[in-house]
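Those protein sequence lines, which keep their order, are chains E and V. In terms of the numbering used here, the first sequence is residues 115 to 231. In terms of the numbering used here, the second sequence is residues 20 to 149.
Don't take every hint at face value.
Computed from the model, here is a short list of chain V residues facing chain E with C-beta under 8 Å [claimed, not checked]:
1) M20
2) I128
3) G132
4) V145
5) S148
I should point out that these hints are in silico values taken from the structure, not numbers from a laboratory. Treat the numbers as computed from the prediction; the structure is a model and nothing was measured. Don't be surprised by glycine CBs; every beta carbon is placed ideally from N, CA and C.
Okay, here's what each chain looks like letter by letter:
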Amino acid sequence: MKNFLFVQAASPHSSMLAKEGLDAILMGSAFCSVSVMLKGDALFQIHKNQHAGLTQTKPVANSFKALKEYGVENVYCSEKDLSDRGLSQDDLVIGVTSLDTAECKSIMSQFDIIVGF
Amino acid sequence: MKISIAILGSPYASQSAHTALNFTKAAVSSGHDVIRVFFYHEGAYVGNQFNTPPQDEFAITQQWSDFAVKHGLELIVCVASALRRGVLDETEAKRYDTKSDNMAAAFQIGGLGQLIDAGLSSDRLVTFSA
């Protein structure tokens with residue numbers, strides 16, 4: 115069975131892309147092996163203490179907490195993207211595997227299908 | 020080669036649907052098998068038959084419809100993306116009691132599962148981002 119890597123690259127509330135990408139991740143996890151990579155400002159999708167209601171949007175961070183129940187084991191990010199944004203693991207609602215650039219490249223080469231949102 | 024296409028960009032705020040159409044035409048004319056074209060996120064707007072650009076502009080919705088009819092392509096618009104953006108086929112228009120439906124010819128409502136299936140059943144899934 116093919117495996118999917120979904121690459122989320124959008125900030126959480128600038129458009130529907132984060133939410134619609136997440137919907138695709140959840141749907142994919144029902145059919146096959148799915149991993150997720152959070153790129154750039156997409157890391158804010160899993161930032162703690164978001165108050166999405168203030169911008170009339172739905173919180174996306176909560177859905178990430180459910181990923182494990184959907185069988186999504188691996189959530190990756192680049193350590194540079196984390197440090198560039200002054201974020202540490204403690205600021206995030208779920209644990210992520212942070213990788214250097216070479217590791218990111220090698221992880222991505224392990225997937226049959228990569229879908230970017 | 021079996022190829023599926025995912026289009027995420029809005030027809031008038033992105034080049035996504037235009038580049039994807041050029042790519043799909045090239046794929047078909049090179050003898051590849053285009054399994055499915057999946058419109059998601061802002062790409063759902065491409066399926067709106069009420070898109071009525073001036074006559075001297077490229078009519079992206081019409082162009083996709085015509086090409087799909089000519090080559091028997093499957094154009095799927097994700098139902099969640101489409102409803103959110105006011106693109107409804109006859110069934111959905113009845114269900115939500117809107118005054119009319121507006122899904123363009125050759126476009127069909129479908130579900131996200133068809134995007135995943137497109138990935139699984141094709142040799143390549145090519146995404147044209149927002």
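Quick rundown of the hints versus the structure:
1. M20: Violated, about 14 Å.
2. I128: Violated. Min distance 16 Å.
3. G132: holds (6 Å)
4. V145: violated (10 Å)
5. S148: holds (6 Å)
In terms of the numbered hints stated before, the structure departs from hints 1, 2 and 4, listed from lowest to highest.
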